[in-house]
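Asker: Construct the entire structure; sequences and hints are all you get.
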Amino acid sequence: MYQTKKWLPYAYVLPSLLILLLIVAYPLGYGFNLSFTNMSLNTFFNPKYIGFENYKTIFANGELLSIFWRTIVWTVVNVFFHVTIGLWLALMLNRKLPGKNIFRVLLMIPWAIPQYIAVLTWRGMYDFQYGAVNIILNKIGIEPIAWLTNSQWTFIGAIIVNIWLGFPFMMMVILAGLQSIPNELYESADIDGASGWQRLKNITLPMLKPIITPMVVLGTVWTFNMVNVIIILVQNTANEKTHILVTQVYRSAFTYFRYGYAAAFSVVIFILLALFSNSFIKASKGEEGVY
Amino acid sequence: MKLESFEKRDSLLKVIAIYAVLVLMCVVTVYPMLNVLSIALRPGSRLFRSTLEIIPPDATLENFKRVFTELSYLTWLKNSLIVGVWTTMVGVLVSAFAGYAFSRYKFAGKRHIMTGFLLTQIFPAPMLLLPTYILLTRFKLMNSYIGLIIPYLAAAIPFCAWTAKGFFDSIPFSLEESAYIDGAGPMKTFFKIIMPLSIPALGVISLFAFTTAWNEYIIARAILTKKDLITLPVGLVNLMGQFNTHWGVYSASAILTSIPVMIFFMLMSKFMVSGLTLGGVKG
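Line by line, the protein sequences are chains F and A.
The numbers in our numbering rise by one with no breaks, and the one at position 274 of the first sequence is 274.
The numbers in our numbering rise by one with no breaks, and the one at position 125 of the second sequence is 1125.
Worth flagging that the hints you see were computed from the coordinates, not collected in a lab.
Since the model is a prediction, treat every value here as computed from it, not as a measurement.
Each hint should be verified, as a subset may be incorrect.
What the hints assert, rightly or not - As a list, the in silico DSBU-like pairs of lysine-lysine whose alpha-carbon atoms are at most 35 Å apart: (1) LYS201(F) - LYS1008(A); (2) LYS1227(A) - LYS241(F); (3) LYS1226(A) - LYS48(F); (4) LYS6(F) - LYS1192(A); (5) LYS1110(A) - LYS1270(A); (6) LYS1014(A) - LYS201(F); (7) LYS6(F) - LYS1227(A); (8) LYS6(F) - LYS1106(A); (9) LYS96(F) - LYS1008(A); (10) LYS1140(A) - LYS56(F); (11) LYS241(F) - LYS1106(A).
Answerer: See the structure below:
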């Protein structure tokens, strides 16, 4: 570290900062303002302030509550399976095992593939008559499922796709964490005659905690904010009851052009996120050393 | 197989069980791509079939040919490349600057700015997209590359800047010091000493910035409506909307679009993980 001119570091940070302020901070303020107007496609150039009307519509409409619960289910189920499947596979790949590098590369595919292509591909596989999923179900004697026309099944299908997309990342991160646990800990556990379960519970999991905690927070935010899966899966179908909070905003704005309403909905989401971001900041406190 | 190549404590049964689980999970992760491949290889007249075979007996490359003759695939590709290359060039440059400041200087507000960079990641895209969309409309930047590049930059910069910082931390300061003693200014030192030493890290953040742009659908769909400006993701999703007529061509273009990115991605994955664990790596 050294000091030359006081303004120099700010000059270095400035371009990035300007771009982020332009695309994040400014829209946040603008959107807040927008949420009190009746802007839509018809009133695009002459919107009027209508006070809390949009918020009243949102809360009067029982839809918010059901979308909220659906979002919670979506987030909790996805993150739970991302972490447990990721952990489970990472533990297996962290052993002495011939050929494990091949497994690691193949297991990584869902992370490497462009997300929209993965979702489109699953959409094809969910086709009622010609999709691979129903063909496989049929082979093991299960009735075909209306994956793309029944809202409930579309939602379950979306969760399956998103679990598929998300566990490889957790696997890779946890694997990196496992490799940083010093071997001596296990050696002394062996001398004490610890069982496999005891080693996992008393050494592996506590040592992984500093890595897993921020990843769970990050994973929760990513899952909560995941638009691609549901939007692409329900596109051009009549499914209404598949949406989560963020896809509902996207749909209100870009399918129904209800800009004021969508902005108000965003503010509601923002408040939820602000509550959650507390724990985000707390979790990143673990990184203090890097500043 | 030699027994020493496994964990000492594992019984044969356990080893078999582990392999079985891993093979099963690999089938789950690999199968969708094989399914696309199989559909891409089917002749157009026999697209719809209830079979699970991967290579159909009447396999043909007809669909791959149709990608280039019947679709505007090359236009989409060109648009995606323009947006991707600009996002990468500008994104890497400004993130490297920011990361350098984070790594080498102490300045008031540094912690807040660094945390602020991370916090931008918690906002859902649709929430920021609507005001951005309205602004772009007002400034007549809809249907322009720049209207897409700026949001992509904002998506890529936080990760890139943090990764760059982590890497710069590992470069000893003495190298710059000697440059300063020789009379080089800060800019010269940055471009002549720091940047050449950081090529691996710059590779990772370039790839990240590029794939951010290359794989993005949600923003592109809202901002690009003109047919000759759309990028690959928008083009491919539209194709799939016409499921009945275009399943085969879609599959062929999906393969062409994703394979190169996937290969790069896998080569870089180790570095991506270290970058994402936020400076957990030192070196």
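Asker: Now, for every hint given, state plainly whether the structure supports it.
Answerer: The hints, checked one at a time:
1. LYS201(F) - LYS1008(A): Cα-Cα ~20 Å, so holds.
2. LYS1227(A) - LYS241(F): OK: LYS1227(A) and LYS241(F) at ~31 Å, within 35 Å.
3. LYS1226(A) - LYS48(F): Roughly 30 Å separates the two Cα atoms, so the pair holds.
4. LYS6(F) - LYS1192(A): Holds: LYS6(F) and LYS1192(A) sit about 23 Å apart, inside 35 Å.
5. LYS1110(A) - LYS1270(A): holds, 28 Å
6. LYS1014(A) - LYS201(F): Holds: LYS1014(A) and LYS201(F) sit about 19 Å apart, inside 35 Å.
7. LYS6(F) - LYS1227(A): Measuring from Cα to Cα gives roughly 49 Å; hence the hint is violated.
8. LYS6(F) - LYS1106(A): Judged against 35 Å, a Cα distance of about 10 Å means the pair holds.
9. LYS96(F) - LYS1008(A): holds, 9 Å
10. LYS1140(A) - LYS56(F): With a Cα-Cα distance of about 33 Å, the restraint between LYS1140(A) and LYS56(F) holds, given a limit of 35 Å.
11. LYS241(F) - LYS1106(A): The given pair, whose Cα atoms are some 51 Å apart, is violated under the 35 Å limit.
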